[in-house]
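Colleague: Listed here are the chains, written in short residue letters.
There are 2 protein chains.
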Amino acid sequence: MVRENEIRSGEVAVPAPPPTDAGLVFIGSIRTPWTSRLETPRQGRTDGPVCRIEVFDPWVDALDGLEAFERVEVLYWLHLSRRDLVRQSPRNDGTTRGTFSLRSPVRPNPIGTSIAALDRIEDGIAYVRGLDCLDATPLLDLKPARDLFTPIAPPQPGDFQIG
Amino acid sequence: MVRENEIRSGEVAVPAPPPTDAGLVFIGSIRTPWTSRLETPRQGRTDGPVCRIEVFDPWVDALDGLEAFERVEVLYWLHLSRRDLVRQSPRNDGTTRGTFSLRSPVRPNPIGTSIAALDRIEDGIAYVRGLDCLDATPLLDLKPARDLFTPIAPPQPGDFQIG
Chain A
1 MVRENEIRSG EVAVPAPPPT DAGLVFIGSI RTPWTSRLET PRQGRTDGPV CRIEVFDPWV
61 DALDGLEAFE RVEVLYWLHL SRRDLVRQSP RNDGTTRGTF SLRSPVRPNP IGTSIAALDR
121 IEDGIAYVRG LDCLDATPLL DLKPARDLFT PIAPPQPGDF QIG
Chain B
1001 MVRENEIRSG EVAVPAPPPT DAGLVFIGSI RTPWTSRLET PRQGRTDGPV CRIEVFDPWV
1061 DALDGLEAFE RVEVLYWLHL SRRDLVRQSP RNDGTTRGTF SLRSPVRPNP IGTSIAALDR
1121 IEDGIAYVRG LDCLDATPLL DLKPARDLFT PIAPPQPGDF QIG
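Residue numbers (this note's numbering), protein chains in the order written: chain A, 1 to 163; chain B, 1001 to 1163.
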């Protein structure tokens, strides 16, 4: 898996169903220093390089208010990843683990999620640190980091339900 | 927005581009106690009811190893959400904020992310607490919680890059 789409010893690919249950729109592009999968970090660091999240029209106005949050959740499309591996061998040593027990980019729906430190927003571009994706990765979504966000709308019955 | 797809005073909808840039496959179904958007919690709680994440074939074997993590990141498709609002009014009071400054289900790509407490995995079903989605929400992905996961593969040059 992963580095250049090879399959390694012990890895298991499946004939995956076609990905036609729902469709995505790329709403921006993420600009990072990494142009090869062999250089891209495994895990972003908050003292890493500033990356640019360029939001496309008509979504620029949707950034309004995001500047209030120190950290943002970034969702992106891992556009080079294969999608058919059920078991992967991260160490390439013949031992494998299930795909859902890894944060590898290879997954049936290759969606990456990161929590990035927000530096600033200017002219439809969010400047952040802490990403670990390739340059030109398609953007899917931006949201305030979960732990910084309090719902603004009134609570619903389920908010009080314990089990 | 949100509760039953109405548009509220001040909210801004855009003619959104068609969602055809990439395709998703639903890899499971999330079973929760909530069958109406008027009951579903705004935010899951880790002392909330146990929910069942039912993984479909051929992905069941991809769960192997996930049981080692106390918390898992769950990605799901907010299948009832409209996708065209750039500004939303969570209080329905005429004041609005940009969609990316909210964790509302209404977004250009309506992907929900939660960190859930993993109780156990049995027969292709992960039992978790802390979800806040409707019953029968389509599952997109499961991964170990970011803060519990250390990459297994060797580091790459970008892992050492600061900026």
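A portion of the hints provided could be inaccurate.
[To be verified] Okay, the calculated bits of chain A under chain B, using three or more residues with CB under 8 Å as the criterion:
1. 7-13
2. 22-34
3. 45-51
4. 116-122
5. 143-154
[Claimed, not checked] Covered by chain A, per the in silico footprint, the following chain B stretches (three or more residues, Cβ under 8 Å):
6. 1106-1112
7. 1115-1124
What the hints contain is simulated information worked out from the structure, not anything from laboratory work.
All values derive from a computational prediction rather than experimental measurement.
Positions of the beta carbon are idealized from the N, C-alpha and C atoms, including for glycine.
Colleague: Does each hint fit the structure? Answer for all of them.
Modeller: Hints, one by one, checked against the model:
1. 7-13: Since three or more residues must qualify, the claim that chain B covers the stretch 7-13 of chain A is violated, with 1 doing so at under 8 Å.
2. 22-34: holds (count 8)
3. 45-51: Satisfied; 5 residues make the cut.
4. 116-122: violated (count 0)
5. 143-154: With 8 residues closer than 8 Å to chain B, the stretch 143-154 of chain A meets the three-residue bar; holds.
6. 1106-1112: Holds, because 4 residues of the stretch 1106-1112 of chain B bring their Cβ atoms closer than 8 Å to Cβ atoms of chain A.
7. 1115-1124: violated (count 1)
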